[in-house]
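Undergrad: Residue numbers (this note's numbering), protein chains in the order written: chain A, 1 to 412; chain B, 1 to 412.
FYI, nobody ran anything at the bench for these hints, they're computed from the structure.
Keep in mind that this is a model prediction, so the values were computed, not measured.
Accuracy of the hints is not assured; some may be wrong.
[As the list claims (entries may be wrong)] Within a straight-line C-alpha distance of at most 27 Å, the following computed DSS-like cross-link-like pairs (lysine-lysine) qualify: (1) Lys408(B) <-> Lys234(A); (2) Lys396(B) <-> Lys289(A); (3) Lys396(B) <-> Lys396(A).
[What the hints assert, rightly or not] Covered stretches of chain B, as calculated for chain A (at least 3 residues, CB under 8 Å): (4) 167 to 174; (5) 343 to 350; (6) 384 to 396.
Beta carbons are placed, not taken as given, at the ideal position from N, Cα and C, and that holds for glycine.
2 protein chains.
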Amino acid sequence: MKELKGACIVGQSGGPTSVINASVYGVVDTALKSPAITQVLGAAHGIKGVLADCLYDMGKEDPQELALLKNTPSSALGSCRYKMKDSEEDDTDYKRILEVFRKHNVRYFFYNGGNDSMDTCNKISKYMQKVGYECRVMGVPKTIDNDLYGTDHCPGFASAAKYIATSCMEVYQDARVYDTGMICIIEIMGRHAGWLAGSAALATAYGAGPDLIYLPETDFDMDKFLADVERIYKEKGNCMVAVSEGIHYADGTFVSEAKTSATDGFGHAQLGGLAAHLAAVVKEKTGAKVRGIELSLLQRCGAHLASETDIEESFMAGKAAVENAVNGITDKMVGFERGTMDGRYLCKTKLLPLTEVANTEKKVPREWINAEGNGVEQPFIDYVLPLIQGEPKLPKIDSLPRFAKLKKIQAE
Amino acid sequence: MKELKGACIVGQSGGPTSVINASVYGVVDTALKSPAITQVLGAAHGIKGVLADCLYDMGKEDPQELALLKNTPSSALGSCRYKMKDSEEDDTDYKRILEVFRKHNVRYFFYNGGNDSMDTCNKISKYMQKVGYECRVMGVPKTIDNDLYGTDHCPGFASAAKYIATSCMEVYQDARVYDTGMICIIEIMGRHAGWLAGSAALATAYGAGPDLIYLPETDFDMDKFLADVERIYKEKGNCMVAVSEGIHYADGTFVSEAKTSATDGFGHAQLGGLAAHLAAVVKEKTGAKVRGIELSLLQRCGAHLASETDIEESFMAGKAAVENAVNGITDKMVGFERGTMDGRYLCKTKLLPLTEVANTEKKVPREWINAEGNGVEQPFIDYVLPLIQGEPKLPKIDSLPRFAKLKKIQAE
């Protein structure tokens, strides 16, 4: 294998996570130490920063600040949601990217994101191959949704799952404090896959979690939901429900968008979202005290509750991307393979073709969801539990988080 | 002082906090060790448990489980919202309480709560004095709202403040990740006092917090609010706002309940609350991407982010109540006095007459709020900062919280 000398670009794309910066740190730290890589550039707001030639010289950052990226939530370089057209249809962006790559002699491109980002990564990789510009392109996965194809799990998922499980356990204590009873509905992210909502079951497995969990993998039936809630509330005097934001009726309509449903007639789903909507419907039906709680952005930026396993694996994914690229690999996404050592959980990296990963979604297997479609089975718990283990040592000042402050010096 | 031998009752009332159980543990642990106290009884759901003679024998609990109360959020004994009538008006409840006290030879009554609970405590104390039943009655403060009269601060406030500040710092990272800009509105508890909303300013003081903060101590003006938000959004490309749930117009109407405001016309404040309402108004006005986040119950049960200072002080409040009562004190609430030792923050207990405390609210001083009414001044930060210090060592199993599990054995 011929050594390829040149600069690298690392960019972040899509919705952030608590640990996405740990992956960027894995890339940057490894790349800065690699003799093949002449300059490490950070793209401002993902591919948009490449198009704008807005690139930060990561070698000019203070190493201590870079190390803080491991515990700094959200995308420190900035993110984007930018859908690239096919190059056959319109190659303007691709030509511009090539121009910027040439200008900085970029020979390594690392893109840190979810499904759409892997699509971007794949398109750029294929274009560079087509025009014969030698550049090794690697995807570094991230997504709290855990829906990337071909990998056992995704960096970012476990920390969000831990945030959700812990918060559910705490809310459980609070939501049954009065003898008058209460129904509590918690809305959890995950538009198409129920990995996050299902993770609320960890709280239940440890004695303080939702009675009912609804995932987008099964069709939602409002009447059955109301019957479930009423039954539990009658039995226990309290009821806690976790719902994925992506739950939908049999016809595919999202419950959050069904503004003219016969069962409610409120028509203001945009005000407060799904939890508030379901809370209103349940209140009307049962007359009980009902509270809807949307975990919102908190669940994807709650770095103070991150899983140390997730942080280390996220770092490892970035590191593996650079190491493999320097060793001649291109056109792949780093994935995870689960194994065991001495009976304990072990995670290794593997490589997946970008073409396969791009735009394929991995859902919760139907057999991991109960027959009723209102809870998950033990294999789901067994799958998630090892991923959330370990508490990071959080850098703090005056008991508040000390996040990385990058200088973001433009590359010349 | 004559030694008074007899049983004690401890009860919890009002909205729970992350550390209210630390106070109960302070009472129970100290009372169990006190020779004067013959039996330690926990009232199920506060005064309602006394009325129902539903009392747990705390001496039968496993000491290790009791110790876990220090890190268990919400009211482990159960809470209530029960307004006692004046005994002159109707003494039915009082006679019943006396009957239960006599039955168990209760000579000490510790009531753990906020404003309304201190009112209950005061009424019971005065009634027992009137009928000549010797019983020492002590209030143990708690409230995330921090609005109890006469005490420097209230147990429970600091942990909620720390949760709010930390969450704001995390959301801040997330809410500016795209180059397209965003306005983020965070709704914080506090119906009449702005201590909690103001605490979001800690996040700003540490470099990642709201640009604007609105407290219920000043009148809210929707047009001025919109102008503030637009100005910041134009300047910075992003804007983060913290609002107290209790913000109100000049005529006293809560913004969350103003359903026919000319600026919005949505009329569905009950769906999703204030943050969603303001988000809708701001979106309509600016056309920007806007997200409303309600911290909801999370902020008052987030024990994983509790302040160690708050936990220790909460315990100390419970302990001081028992020690003082055994030493002959009655009809008081334990309060806190702030001092310094070697230039460092120090907190001591003091005693306040229940009559003075009951039903008086302490608000944020006007001079701690800026002239514009959209932020707080440095003295506010200086006041809160010492209270949030220290990280508790959290008992966990498999990286999830291990909360106390009480047996709750009925007293004979």
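Undergrad: Hint by hint, note whether the structure agrees.
TA: Against the structure, the hints:
A threshold of 27 Å between alpha carbons decides the hint, and for Lys408(B) with Lys234(A) the separation of about 22 Å falls inside it, so the pair holds. Restraint check for Lys396(B) and Lys289(A): not satisfied, since their Cα atoms lie roughly 31 Å apart, outside the 27 Å limit. At roughly 21 Å between alpha-carbon atoms, Lys396(B) and Lys396(A) fall within 27 Å of each other, so this suggested pair holds. Counting residues of the stretch 167 to 174 of chain B whose CB falls under 8 Å from any CB of chain A gives 6; the rule of at least 3 is met.
Requiring three or more residues with a Cβ within less than 8 Å of a Cβ of chain A, the coverage given for the stretch 343 to 350 of chain B is violated, as only 0 such residues are present. Chain A is given as covering the stretch 384 to 396 of chain B, and this holds because 6 residues of the stretch bring a CB closer than 8 Å to a CB of that chain, at least three being needed.
Checked against the numbered hints above, the structure breaks hints 2 and 5 and satisfies the rest.
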